[in-house]
Structure formats: C-alpha cells, structure tokens
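Asks: One-letter residues, chain by chain:
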Amino acid sequence: MKPSDRSPIYGLMAEFDTPEKLLAATRAAHDAGYRRMDAFAPFPIEGLAEALGRRPSRLPWVVLAGGVIGCTGGFLLQYWSSVIAYPMNVGGRPYLSWPAFIPVTFETTILVAALFAVLGMLALNGLPMPYHPVFNVDRFARASRDRYFLCIEAADKQFDRQAIESLLKRLKASEVFEVEH
Amino acid sequence: MIGRAPRMAELASNLVIAPGHTPATVTDKIASVVLARTPRWFYLAFGISFVLFLVFLYAVAHLFAVGIGIWGNNVPVGWGFDIVNFVWWIGIGHAGTLISAILLLLRQTWRTSINRFAEAMTLFAVACAALYPVLHLGRPWRVYWLLPYPNTMQLWPQFRSPLIWDVFAVSTYATVSLMFFFVGLIPDLATLRDRARNRFARKVYGILAMGWRGSATHWHHYESAYLLLAGLATPLVVSVHSVVSFDFAVGIIPGWHTTIFPPYFVAGAIFSGFAMVMTLTIPLRHVFGLHDFITDRHLQNMAKIMLATGLIVAYGYLMEIFIAWYSGNPYEQFMVANRITGPYRLLWYALIVCNVLAAQLLWFRWIRSSAIALFFVALVVNTGMWLERFVIVVTSLHRDFLPSSWGMYYPTVWDWATFVGSIGLFLSLLFLFIRFLPMISIFEMRTILPEAQVEEAGR
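Chains as they are written, first to last, in the numbering used here: chain D, 12 to 192; chain B, 77 to 535.
No lab work stands behind these hints: they were computed from the structure. One or more of the hints may lead you astray.
So the derived list for chain B, only partly shown, Cβ under 8 angstroms to chain D, looks like this [claimed, not checked]:
1. His-97
2. Ser-108
3. Pro-224
4. Tyr-225
5. Asn-227
6. Thr-228
7. Met-286
8. Trp-288
9. Leu-308
10. Pro-406
11. Glu-408
12. Gln-409
The C-beta atom is built at its ideal place from N, Cα and C for all residues, glycine as well.
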C-alpha cells in the first residue's frame with residue numbers, strides 16, 4: 012500500500028463490558044457487511060471466531076503433517092543407521108528389527124507433531140509481532156483483564172467513520188476509540 | 077446424603093472457585109503474587125534451596141574431577157542412587173502432564189487451578205531427572221554421543237537398546253512439556269505485560285508474550301493448538317514411564333524381567349506425582365492465601381486419584397510376589413524372599429507402610445478434607461515411592477543368579493549430597509517460578525467463571 016492510500020487512522024475500536032455484548036456486536040457488524048475487523052477478549056469465547064466469519068482452524072492439518080514427517084523420519088533414521096550405515100549383527104537378529112524401532116518412532120512422531128502444533132499456531136497467528144496499532148489505545152490494556160473490544164479497520168471497503176460510530180454506540184459499546192497507526 | 081440439607085460450608089468446599097469472583101478480581105489476585113514486592117520469607121526459602129543447590133554443584137564438581145568411583149556403585153550393583161533418583165524424579169513429573177493434558181481432555185474443570193503449577197513442577201522434576209543418567213556416564217562431556225548425528229567415528233546409536241529409547245523418550249517429554257507450559261503461559265504473559273508497572277518487567281513480559289493481543293483469531297488457533305498438544309501429551313505420559321520401565325524389564329535380572337512393569341511404573345509415577353503436587357500446593361496455598369482458587373475440592377480430588385493409583389501400585393507389589401511363586405522360577409522366588417527377609421528388608425517394610433498402608437488413610441473423608449493430614453500423607457508417599465525405586469534397583473541387582481557375584485550397596489556421602497542437592501535445584505527453580513510467573517493459569521481461571529459462560533442469545 013502506498014502511503015497516499017493510507018487512511019489517517021488504523022480503525023475504530025469499541026469497548027464492551029460483557030462478552031455477550033461483544034458477541035452480539037460482532038455478529039451485527041458482520042451482518043452489516045464489515046469484514047476487516049477483529050474482536051478481542053481476555054479468554055476464548057465460543058462462537059466469536061465464527062461470528063467474525065473465520066473458517067475452522069487449519070492447524071489440525073499442520074499437526075497431522077508434522078506427525079507423518081516425524082513418524083516416517085524417525086523410522087527411516089533407524090532403518091538407515093541400523094541396516095545401511097552401521098549394520099551390527101547382535102545374536103543373529105535381523106538388521107531391520109522393526110518392533111524394536113517402535114518406541115523411538117513413536118517419540119519422534121509426538122515430538123515433530125508437537126513442534127508443528129506450537130510453531131504452526133504462532134505462524135497462523137502471525138506471532139511474534141513486536142508492534143500492532145491496537146496497543147495505541149490505552150484502554151486496550153484491559154483486554155487482557157476484564158474488557159472486550161471490537162476493532163473495525165479503516166482498510167475495510169465500507170469504512171465510514173460516522174456510520175460505524177453510530178452502529179457501535181447502538182450495539183451498547185461503552186466507549187469508541189480511534190486507533191492510530 | 078439424601079434428605080439432609082447440605083450446609084453452606086459443604087457447598088463451598090465443593091466449588092472449584094470461591095463465589096463472587098470476576099475476571100478482574102481473578103486477574104488481580106493471581107498477578108499480584110508476581111507483581112507485588114518480594115515477600116521477606118521468600119529470601120529465606122530461596123536462600124535455603126539455593127544453598128542445597130550449591131551442595132549439588134559441589135558434589136558434581138567433585139564427581140567430574142574424580143569420577144563415579146566416589147559413589148557407592150560397585151560391580152553387582154552398577155545402578156545405585158543415580159538411577160533410583162532418575163526414576164523417582166521423572167515419575168514425579170508425570171502428575172503435571174496428567175493434570176494438564178489428560179484432565180483437560182476429560183473436561184475436568186477443577187484442573188484449571190493447579191495445572192500451571194503442576195506443569196512447572198514437571199519441567200523442574202524432568203530437569204533433575206535428566207541430570208542423573210548424564211552424570212552416571214563417567215565422561216558426561218561426551219553426552220552428545222547418545223544422539224544420532226553423522227560423526228567421524230562412523231558410529232550410530234544402537235536403536236534396539238532401551239537405553240537409547242530412554243534418551244528419545246525423556247528428551248521428547250522434556251521438550252513437549254516445555255512447549256505445553258510455554259503455550260499455556262502466552263496469554264498470561266500478555267496480562268503481566270499490560271499490568272506490570274516496572275519498565276523492565278514490562279519489556280521482558282512483552283517480549284515473551286510475543287505480541288499476543290487476545291484477538292478472536294488468536295484464541296481460535298490457540299484453542300486448537302492447546303487441545304492438540306494435550307492430545308499429543310496424553311500418550312506421551314504413558315509412554316515415558318513405560319520406556320523407563322523397559323530399562324529394567326528388558327534386562328534379564330530377576331525382579332526386573334517382568335511384563336507388569338510398564339503399567340505398574342506409570343501408576344507409581346502418577347501416585348508420586350500427585351503426592352508431590354500436594355506436598356507443594358498445600359503450603360503455597362496457605363502462604364499466598366489462594367484458598368479461593370485452590371479449594372478443598374481440589375485437594376479431595378487429588379487425594380482420590382492418589383488412592384486409585386496407590387491401589388494399582390499395591391496390586392503391582394502383590395502380583396510381583398504372586399508371579400514369583402506361580403512361575404516356579406527359583407531365581408524369582410529367591411528374589412522375593414530376599415526382598416522380604418534379606419539385608420534390605422527394613423526398606424521393603426518401610427515401603428509397604430508408606431505406599432500401601434498410609435495410602436489407605438485416604439479412604440476416610442475426614443483425612444481427605446484436612447489439608448494438614450493430606451500434606452503428611454503426601455510426604456509419606458513421596459518417601460515410599462523413593463524407597464520403591466531403591467528396592468527395585470538395588471535388591472534385584474545385589475543378589476542375582478550366582479552367589480559368588482553377590483555384594484552389597486551402600487550409598488556414600490557423595491550420593492546423598494547429589495540427591496539432596498538435586499532437591500535444592502528443584503526447589504530453587506520452583507521458587508523462581510512462583511516469583512516471576514503466575515502459578516495459576518489466569519486466562520483459564522477466567523473461563524471457569526460464570527461470566528464466561530456466554531449464552532447463545534437470540535440466534
């Protein structure tokens with residue numbers, strides 16, 4: 012985006028004092044056609060992501076991929092090192108003694124799947140993110156305590172300050188703030 | 077109980093959180109433990125733990141300089157305190173993962189008040205445990221030889237050996253526990269970032285929180301990640317102590333070579349882990365006044381889990397004796413007779429008193445509802461589980477098939493110094509944790525408040 016296209020503010024943020032009001036307001040704003048928005052709460056609220064029109068998380072597929080990589084990788088590591096790189100005859104037992112390889116294969120499966128779960132969650136959330144405009148609102152510090160916020164971005168196609176302010180007030184926002192870039 | 081109106085006290089003791097709390101009060105109360113000034117007792121408690129940790133460092137420095145000859149290990153008893161303490165510590169860690177993962181999947185909301193603390197305990201216990209096999213290597217600076225990596229010696233680990241499985245199991249367990257702990261902390265670190273007044277603290281918590289905003293999208297992926305991690309950690313709990321028990325069960329020594337070991341070790345791990353959670357939470361709850369969050373209901377539930385796993389452990393003891401007789405194997409029979417009547421018999425009796433008899437006290441409701449009684453039962457069980465590890469390791473090794481190779485094992489002052497020192501390491505880490513991180517998960521406590529139960533109004 013060229014600097015000339017940027018609107019003077021990042022967006023408008025409304026504060027709510029209960030999760031019910033936030034959920035209702037999010038639904039109403041989504042119904043009114045706003046798409047570039049996000050809701051903030053100190054704990055996960057059921058249905059909030061759906062109210063914003065978010066699709067189910069793709070994380071399970073990421074974790075499945077991690078599990079498959081860990082499982083095959085762990086087994087191939089043992090196969091390669093015990094059969095090809097360093098074959099050692101222990102009491103005439105086969106080099107590919109696969110039952111003995113199960114515990115390590117299991118552990119590498121879990122390890123890589125868990126690594127993918129954590130890194131995948133951070134990647135999908137865009138974390139670490141050292142700066143974000145929502146923190147410019149002083150009251151936003153309470154989003155990690157006991158207040159609920161809805162932020163509609165200026166980048167939204169329908170963004171119209173007056174309309175949004177009156178909509179948010181109608182939706183029982185206790186206050187509406189401007190969010191600087 | 078039907079037909080009698082429950083008294084208020086009884087009702088209150090059944091709650092997982094005291095009435096009247098809101099997201100604000102929960103946040104302030106738990107965060108205040110971290111953000112307030114350091115209480116004076118903390119310096120004393122941490123100081124004593126740190127002195128013990130210095131004892132550990134001294135013992136380890138002497139070990140590195142002289143070698144493992146300073147320990148009591150000898151030829152029939154090649155595994156002494158090092159393996160006893162390894163198994164004991166790693167077992168203690170299991171309760172943390174059980175509370176945080178399995179009880180999450182089973183939707184036991186009471187776990188919320190204790191899971192953070194138990195996870196920290198897991199991490200520190202695994203750290204203590206992992207040190208022992210490394211110290212036992214003789215040349216601990218070569219510890220990386222255990223890992224599969226291309227090297228100029230053209231050697232690869234022996235993947236058919238339970239000792240290598242152990243390396244993978246313990247390192248995976250430590251890594252996954254750390255990730256689970258850290259992921260659970262992220263929203264709370266954001267809370268501390270927003271609430272800390274000290275600039276430096278705000279910076280550090282801010283960096284660790286990585287820019288967490290608590291947005292609906294964040295929570296959306298977060299909940300998915302947390303649940304998946306719990307699902308992955310659940311089989312891991314069962315596997316780690318099973319693999320540890322393979323270290324013994326795959327060996328052919330009488331007293332080790334039994335198929336009951338994996339389930340019996342896992343049950344023992346959970347038994348000792350819950351005992352340790354109780355030993356630590358009961359005093360901390362008192363010191364920090366956290367009775368609203370860690371209620372008597374939590375202690376009662378933990379006591380019930382201890383009773384159940386304690387019975388499984390008792391069944392394991394019984395089966396060991398029964399199978400020794402039933403198998404008709406003279407070496408197995410001698411091993412059992414030697415445990416009960418041999419030179420280490422007093423330890424075996426103490427073990428039965430601590431793990432089997434003392435645990436039966438938990439049948440009584442008045443014991444389960446008295447924090448002080450539970451604290452002492454838990455201490456006794458911790459001791460008993462340590463004795464169990466000692467009896468399994470030492471009495472099996474010291475008299476095996478050939479009487480000409482029999483011997484005795486006596487721990488030396490260095491064995492004791494390392495053991496006591498590792499308790500110092502554990503407590504030092506634990507005190508630093510409760511000082512710098514919230515010991516109860518703040519965001520999860522918010523979710524169990526009535527306010528968080530958002531009704532699907534309208535639609």
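Asks: What hints, given by number in increasing order, does this structure fail?
Replies: 1, 2, 4, 5, 6, 10, 11, 12
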